[in-house]
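J.: Work from the hints to combine the two standalone chains into their complex.
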Amino acid sequence: MILTYAIFFATGCFAIALLLNLWKIATAEGVGDRVLALDTMVINAIALLILYGLANGTEIFFEAAMIVAMLGFVSTVAYARFMLRGNIIE
Amino acid sequence: MSQIFEYLIAAALVLGGIFGLVGSFGLVKLNDPMSRLHAPTKATTLGVGGVLIASMIHAIASEGHLSWHELLITLFLFLTAPITANFIAKAHIHRHETPQSLPPAGEDGLWATHDVPASPEAAPTAPLARD
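Residue numbers (numbering that gives the first Met the number 0), protein chains in the order written: chain Z, 0 to 89; chain R, 0 to 130.
Honestly, the hints are just simulated from the structure, not real lab data.
None of the values given here were measured: they were computed from a predicted structure.
Where a beta carbon is used, it is the ideal one built from N, C-alpha and C, also for glycine.
Be careful, since some hints might not be right.
If you want the ones that stay clear, here's a sample from chain Z, every Cβ over 10 Å from chain R, calculated [stated by the list, open to error]:
| no. | residue |
| --- | --- |
| 1 | N86 |
| 2 | I87 |
| 3 | I88 |
| 4 | E89 |
Derived list of chain R stretches under chain Z, where covered just means 3 residues or more per stretch with a C-beta under 8 Å from a C-beta of chain Z [unchecked claim]:
| no. | segment |
| --- | --- |
| 5 | 20-34 |
| 6 | 79-85 |
Chain R with its partners taken away, still in its complex shape (with noise of 0.2 Å):
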């Protein structure tokens, strides 16, 4: 394997290490449970895309081809932690905040995830203002 790739694996490699520890860090040292959020869901996804593409300039230059696995990672890793991130902030909102303790929706009157009706028979029974 030639210096070069040794020096650009190394470096992602480094800097995917860096991106993880500090991913972890912030979701011990933050404070607020929704700034929590950010530092594992942003930073630790960096931290092992960093790992993932050391693996792929490896793969490329210790085989000669270009190995499909780590962008498969890659796209899951990308695509799910928006979604945990999601389902993890609306539980919050929902088990520890009330409509009035969240910051105003603008025009639309209330957050999504409080503008369902309570029960099928208590749907609201004045109309919606949409049109």
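For reference, chain Z alone in the conformation it holds in the complex (with noise of 0.2 Å):
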């Protein structure tokens, strides 16, 4: 019992925290912020991931996860490359 009003407040911290994120992109005013909150989404993003495989009980969550956490560091470190050199792959 106890442990599915824990579930219930931990999703509805991350997904408060989803929204301060995309807030955070509507109004910022450099390009860095941008990227770091699209950074910060990510990382929340897994935890409400994580967090739906442990109320279903299933475990195939966890590969989406791993996913989506490689996806969101690879991008981060373009969109840093791309703000230093205007550039990708050179």
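T.: Dropping the structure here:
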């Protein structure tokens, strides 16, 4: 019983966190802040995926979370490269 | 599942959720771009770590064996968060700071990101005092 409420609470926390990141992406004044907010969004999405798998008792979402983590890392590095050099692969 | 495991999982979940929320709130609240880098890279990573710990305890309690997926994701996140923070900080230094606007770097003279020759032809003629 307490576990269900705890999962609800954590899901709500990460959902509000995703909305805050979206707000930051919409209102940030620089590109660097947007990239940072996008990176945080990816991490929060990983947490939501794991919480969904925890609530449903399946293990398939760990692979999805792993792929999202790798994609988020590569995309953030690509964005940072693009901010620095105006080019990703030279 | 026994009662103590449920309390453990619930505690880890609540702690993780609060840390994740604090990290994203800090991203909105803090003023300086370099202070804003602290909140998501530290607090949010800790929040995901709390959720993953809860998931590991859940696997131990309900199936009786350790699940390694969570450890893999935790390891990956804890390895990549400092790297992305470093990349974003480096991009910020190059776009918005000059060598004069940064605090002094000590005996090295310049911060390492600025300490590069402008082009291969314009390499510094004076040898670097490094021995």
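J.: Let me make sure I understand: some of the numbered hints might not hold for this structure. Which ones are they, in numerical order?
T.: Nothing - there is no hint that the structure violates, so all of them hold.
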